[in-house]
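K.L.:
Please build the complex by placing chain B on the supplied structure of chain A, with the hints as guidance.
Listed here are the chains, written in short residue letters.
Number of protein chains: 2
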Amino acid sequence: MNINQKAVDALRILSADQIQKANSGHPGLPLGAAPAAYELWANHMNHNPQNPNWSNRDRFILSAGHGSALLYSLLHMFGYEGLTIDELKNFRQLDHLTPGHPEYGHTVGVEATTGPLGAGVSTAVGMAIAESHLAAKFNRDGYPVVDHYTFAMTGDGCLMEGISYEALSLAGTLKLGKLIVLYDSNDITIEGNTETAFKEDVAKRFEAFGFQVQIVEDGNDLKAIGEAIDAAKADLERPSIIICRTQIGYGCPAKVGKASAHGEPLGEENILELRKFLGWESNEAFEVPEEIYSHYDSIAKENAIQEDKWNSMFEKYCTEYPELKEQWDIYHSDIDVENIINSEEYWKHESKAMATRAVSGDLINKLKEIYPNMIGGSADLAPSNKSEMKNEGFFSPENRLGRNIHFGVREMAMTAITNGIYLHGGLKPFCATFFVFSDFMKPMIRLAALMGLPVAYVLTHDSIGVGEDGPTHEPVEQLAMLRSIPNVNVFRPADYTETAVAWASAMGSKSTPTAIVLTRQNLPQIEGSSKDAFKGAYVISEASNKDSIDLILLASGSEVELAVNAKAVLEGEGKSVRVVSVPCMDIFDKQSKEYKEEVLPSNVRARLAVEAGGTMPWFKYVGIDGDVVGMTSFGASAPASVLFKHFGFTTENVVERAKKLMF
Amino acid sequence: MNINQKAVDALRILSADQIQKANSGHPGLPLGAAPAAYELWANHMNHNPQNPNWSNRDRFILSAGHGSALLYSLLHMFGYEGLTIDELKNFRQLDHLTPGHPEYGHTVGVEATTGPLGAGVSTAVGMAIAESHLAAKFNRDGYPVVDHYTFAMTGDGCLMEGISYEALSLAGTLKLGKLIVLYDSNDITIEGNTETAFKEDVAKRFEAFGFQVQIVEDGNDLKAIGEAIDAAKADLERPSIIICRTQIGYGCPAKVGKASAHGEPLGEENILELRKFLGWESNEAFEVPEEIYSHYDSIAKENAIQEDKWNSMFEKYCTEYPELKEQWDIYHSDIDVENIINSEEYWKHESKAMATRAVSGDLINKLKEIYPNMIGGSADLAPSNKSEMKNEGFFSPENRLGRNIHFGVREMAMTAITNGIYLHGGLKPFCATFFVFSDFMKPMIRLAALMGLPVAYVLTHDSIGVGEDGPTHEPVEQLAMLRSIPNVNVFRPADYTETAVAWASAMGSKSTPTAIVLTRQNLPQIEGSSKDAFKGAYVISEASNKDSIDLILLASGSEVELAVNAKAVLEGEGKSVRVVSVPCMDIFDKQSKEYKEEVLPSNVRARLAVEAGGTMPWFKYVGIDGDVVGMTSFGASAPASVLFKHFGFTTENVVERAKKLMF
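Heads up: the sequence lines are chains A and B, in that order.
The first sequence finishes on residue 663 if you use UniProt numbering, and the numbering steps up by one all the way, no holes.
The second sequence finishes on residue 663 if you use UniProt numbering, and the numbering steps up by one all the way, no holes.
The hints are simulated quantities; they were obtained by calculation from the structure and are not laboratory data.
Among the clues, some could well be false.
If you want the footprint, here are the derived chain B segments under chain A, 3+ residues with CB under 8 Å [unchecked claim]:
1) 21-30
2) 167-175
3) 186-193
4) 306-313
Calculated pairs, DSS-like style, for lysine-lysine (alpha carbon to alpha carbon, straight line, at most 25 Å) [to be verified]:
5) B:Lys199 x A:Lys175
6) B:Lys199 x A:Lys660
7) B:Lys390 x A:Lys258
Quick caveat, the model's predicted, so the values are computed rather than measured.
Virtual Cβ for every residue (Gly too), placed ideally from N, Cα, C.
Isolated chain A, as found in the complex:
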């Protein structure tokens, strides 16, 4: 048996052993797809296990994240830092590098957290966009300093999920020629044969998307796989898909071709059968012959040479193009947010009423100057979202330098692609749509939060203020939805200053995504609004008698004005009323106990929150003695002013509800 075959089988054996030891995991894909993974990693992918952060490495995403054991086996055999055999023995155990699904930031060499099907391959599209944009920006004749491929390995599940269609249809439109999808096509899903639910002609589908389509009939044929990868790499005009026909659970007689191979350990006896079938030399779990380790080592060393060559080239490039080197450094480092905070220009604004979406549009166009690596776009709503960076062009096959992206009507893929752009490195991405459609973004926002990616979401048309478009377009519960996700900062600013704080916070974030929730309708500039908004909540209008407060009004966004107006009425009637603006609960909740007590003194129990959204998020502040003026049903179709009145967002109603709390 040749060494390549042994090297493939090592991946199979190690994967099966990990899953068996954990008594949990998915052996089906590793057994079937090991040859394709091996051929790619050993003979086609530029990667340096000694430096997983090499900027010009080829990217690999295991979109079928349940096959994580295969990825850990690869990382182990290639000698990636930390991925010792002991870590493999602790597959799926707490505080180890080998969790059930691959986790970015947790395990070296994992380019993206995957598991929710379709997410990985969509994230890969973002990486390919980033590569081609940065290549256009930085490459010069003889200096392809950004020049790599992005590979994604998918199963049937990934290709059934809507997000993969969205992302890959866009990849075809954008002619991302350096995106290569390896499709582990084994005809089996959890409920049985793909015939039952997935009879589409996948090859034809990808032709429709503008992909180069190749079929490898025998997924064990390393040569055929290799030739297909070569051909895929050679086509720079079209993204590629290589359909590898494989057998789920290959090598395990009792399991091969069966749904039961997918997601449960093979069992001790079947693993012995597997070893026999493969002609594996040892029956000891986790034992790999030294010869195979040496083989992998030699490949890893060759690969390291690729980076050496790139380093030499890059060194010359820096000398020849010092101005580009300077730009490169800006792109590849965190720009200090103090640049924003200290910029007078950034905070300057007129006193007239403005929709916060329009404010955000102005800010984006200020920020794009400070952050030359800012890139973003909208899901076909740029004119409404005010998300376009003026004079920066649109990213397209003809204009790779365009900083605006037409994502099309594809909110979920947009969000995954934004994750991918960030993960690639070098760029600061954002994306935009109507707030109500954050529903479609949610699964990918969750992944951004889990990975700790400081991306930004521009979410406009944030309440019944949408008006005539009606309840399908009016957010109600979306604030609760986003605020409940761990590690997401949700800002709902009240005016220019608070919107500027939200954007500065987003740009300064290191590991937290930021959602910026903005109005369609005009809002006044609020007296008292200030950079204290960086604390998440602050006293925007103090009570007449600070030492004896009768009531605290809390509000966010468009309702801060309403709270201030209600306060004026109540103060006119002799009450001492404080107004607290709460642009970002997530950040306020992280302030010191003292600051929180200062803003919301625990002895003041008459507390009324006002927000044109669901009430759930406010009870942690108003408690059971307080009240919330919010939305308890869906909205309706009518002019916004009519709706605000209809749903009780009037000074009169807020005053009335407040009085009930003060007895």
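P.N.:
Below, chain B alone, put in the same frame as chain A:
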């Protein structure tokens, strides 16, 4: 000019007038797609404006819901009840029948609420499934009592959304030959030409899905449209798409073919130009010549004859097949939920510990006998979700009688299809997946809630109890997400009895979807659990001194056991502790003030909630004096028992946190 052309132009004029009067709306699609809509409604669709609820009518869904003015114009011209010219004049105004996007249950003749793109056409797939299932069940030779088409009209946006790929790929697999999609292909989206973001070959894509594909080159050619619809109807093996090449804003010289035609009123001047271009006789807004009304009337009358014929057939059918007539009545009426509540068999269970997902599986198999029209399935997780109805087969081209549906890995489409099955009438659908993937279902759950559809969601693997699969598969914030949606009942039952209550509540619901959130891991049967769970929350374990309660512990699902255990410890130390089980907050919140006070006496402020999910939903009960033992971060990959300990879900920790509240 012939009368058909005038009839088409009437739709254009009325649509433009509605939008102009409202000063808000989307004229682009109505102007472009009026011919296709007219040809379909006038000459191909079986519908009786006098009886919009005729069970065998053809269904029509305007998936491009922003074109609502076109739909209202059709309903008005055909004389649907309530759609007077005055309603058209009040387009997009509060308390009128003509909201910004079509709303099911609000306006007669609207088959589904649409607006979020892609939703409508996916819902149509559900209607086509329902039709073919009911046809197989009820039709007999010479008696096609269920025999109608389902039409959906889409724009570019619908076809870019991932959900439409999911649903239509499944439609092809299932050979839903009576589903016909009319695609208004006008090459324009909000951000400009579709070339920028949507260059896929749509015809080829639908061939890949197994559709019959036809292209009508001139979307104004009524004859060509009619022939295409005839050919689509004739092909009963394949669903069909008719690609109508149209011009957005047709007839309005200043707007035609421009993105600006999409979503803003044409303007008075342009409307005059439109009238001129069309050769329209009157310049008065909303004025339609009597001759055109008469034309529509005569069509409507002919259509009524279709229903008369069907009624005669159905009458004979009932005589000839009395046992089917009996079944028909069962399918088409609400089965009294008392059938469940009074069934001893339904409540009977063993005392051993069981995962609530397994309990749910048992209940589904009991319910399927009581509800012969129950139908449902999973997004490729039926074995894990325990959602299969045994011995009922799987719905497929070969077995239309199958009551289980293989939805494939398509959570969002599954949810929309479930909506469609319900909307069709005659069936009681549910669908299932892992709870964490409710993220993908969310936009369509929202539509179910907005439409008031009593569908059921089986959501298993509900917490860190998922274990080894890790944080991508462990729900944290999903309970807050679902509980925050208006009009959704979210149950998280603690044992058999509470799960049985959840299912009974779902089956008895008239206008509210029910989410049933279930564990992967075994749970004991709790002493004290009872049908009081129908109230949403109840005292499951009373304090030793009911009149002097030191602490209230609140919990749901798997944490009720934990609360009961913590109570035992605290009572052992002399405290008087009540445990409240909260299987459904949404229902508890609707109970009388007295009942709520009885369960949670306002004088007891030491309240600790315990739930292995985000804390947000609980503060309305525990207030600012209470506390929540919940998840404040994402989960991790490890065996479930390790994780529960790691994240503080232990008796010791609950006891400790409780003591802090009691000073």
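K.L.:
All hints are to be evaluated individually against the structure, with a verdict given for each.
P.N.:
Status of each hint after checking the structure:
With 3 residues carrying a beta carbon less than 8 Å from a beta carbon of chain A, the stretch 21-30 of chain B meets the three-residue requirement, and the given coverage holds. Note: the stretch 167-175 of chain B has 4 residues with beta-carbon separation from chain A under 8 Å; the three-residue rule is met and the coverage holds. With 4 residues carrying a beta carbon less than 8 Å from a beta carbon of chain A, the stretch 186-193 of chain B meets the three-residue requirement, and the given coverage holds. Requiring three or more residues with a Cβ within less than 8 Å of a Cβ of chain A, the coverage given for the stretch 306-313 of chain B is violated, as only 0 such residues are present.
Taken as a hint, the lysine 199 of chain B and lysine 175 of chain A pair is honoured in the structure, with Cα atoms around 10 Å apart against an allowance of 25 Å. Between lysine 199 of chain B and lysine 660 of chain A, the direct Cα distance comes to roughly 59 Å. Violation of the 25 Å bound is thereby established for this hinted pair. With a C-alpha separation of about 21 Å, the suggested pair lysine 390 of chain B and lysine 258 of chain A falls inside the 25 Å cut-off, and the hint holds.
In terms of the numbered hints stated before, the structure departs from hints 4, 6, listed from lowest to highest.
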